[in-house]
Amino acid sequence: MTELSKKIKQYRKEKNLTQKQLAEKMFVSRKLISNWENGRNFPDFRAMIRLSEIFEIKIDDLLKNDNKVIEHFDDQGKQTKKDGNILWVCYNLNFLFLILSYIHMFRPFGFHASIIPLSLIINILVFFSHYSNWDSFKKNRKLVLSIISFTILLLINVFSMVLNFNFQKSLNPNNVIGTFGAAAGEFTLILLITFSMTLAIFFRPAKEKGQHKNK
Numbered sequence: 001m002t003e004l005s006k007k008i009k010q011y012r013k014e015k016n017l018t019q020k021q022l023a024e025k026m027f028v029s030r031k032l033i034s035n036w037e038n039g040r041n042f043p044d045f046r047a048m049i050r051l052s053e054i055f056e057i058k059i060d061d062l063l064k065n066d067n068k069v070i071e072h073f074d075d076q077g078k079q080t081k082k083d084g085n086i087l088w089v090c091y092n093l094n095f096l097f098l099i100l101s102y103i104h105m106f107r108p109f110g111f112h113a114s115i116i117p118l119s120l121i122i123n124i125l126v127f128f129s130h131y132s133n134w135d136s137f138k139k140n141r142k143l144v145l146s147i148i149s150f151t152i153l154l155l156i157n158v159f160s161m162v163l164n165f166n167f168q169k170s171l172n173p174n175n176v177i178g179t180f181g182a183a184a185g186e187f188t189l190i191l192l193i194t195f196s197m198t199l200a201i202f203f204r205p206a207k208e209k210g211q212h213k214n215k
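Everything in the sequence shown is counted per this note's numbering, starting at 1 for the first residue and increasing by one.
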């Protein structure tokens, strides 16, 4: 058991909170609170901030005299910074691939490059593999807005696809399989573009407000 786990238990009891009550305030499970208090794992830095607010103490009061936990947060801070850099690179590349995907779809001057949709989907996958700010979508308003926006953008993109002259040319009533393949490929591209637009609107990486510094 670490000093941090003892302090979490101590401050919780001083506030006359059960593990379940603290879990509700933290928006986590009671089992996770139990794991923290038994030293099985550590809260992340955002959870530490929330704990300090609930207990009405400074974060330093929780971390004091616990080198193991401080080292853990140092390592976590480095990883968070690395993930943040990757997120920003992917977020900015998303705009480039989004523009190129529209060019790929409408094919001005015959421009066509199959690697563009592939690059877009790889970029989206890398972005979400490092994205961690899912807590922001616990607010129903943002979640509902993102779903509504995705649906509207998808309908607009589908309408654009139907009006696309190059897509219309690819449809051949005498070749059902070829027509189905062209439509499926174009709709897949539309889905990727819509995901890309939704990412650009609702998943802008958050800037770190500060890092914990050891004295």
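It is worth saying that the hints were derived from the structure and are not from the lab. Misleading hints may appear alongside valid ones.
Claimed, not checked - As a list, the in silico DSS-like pairs of lysine-lysine whose alpha-carbon atoms are at most 25 Å apart:
no., residue 1, residue 2
1, Lys6, Lys20
2, Lys13, Lys25
3, Lys82, Lys9
4, Lys31, Lys169
5, Lys58, Lys78
6, Lys64, Lys15
Hint check:
1. Lys6 with Lys20: Cα-Cα ~17 Å, so holds.
2. Lys13 with Lys25: Distance ~14 Å between lysine 13 and lysine 25 Cα, so the pair holds.
3. Lys82 with Lys9: Measuring from Cα to Cα gives roughly 32 Å; hence the hint is violated.
4. Lys31 with Lys169: Cα-Cα ~59 Å, so violated.
5. Lys58 with Lys78: Satisfied, since the Cα-Cα distance of roughly 22 Å is no more than 25 Å.
6. Lys64 with Lys15: 20 Å, holds
Of the numbered hints stated above, those contradicted by the structure are hints 3 and 4, listed in ascending order.
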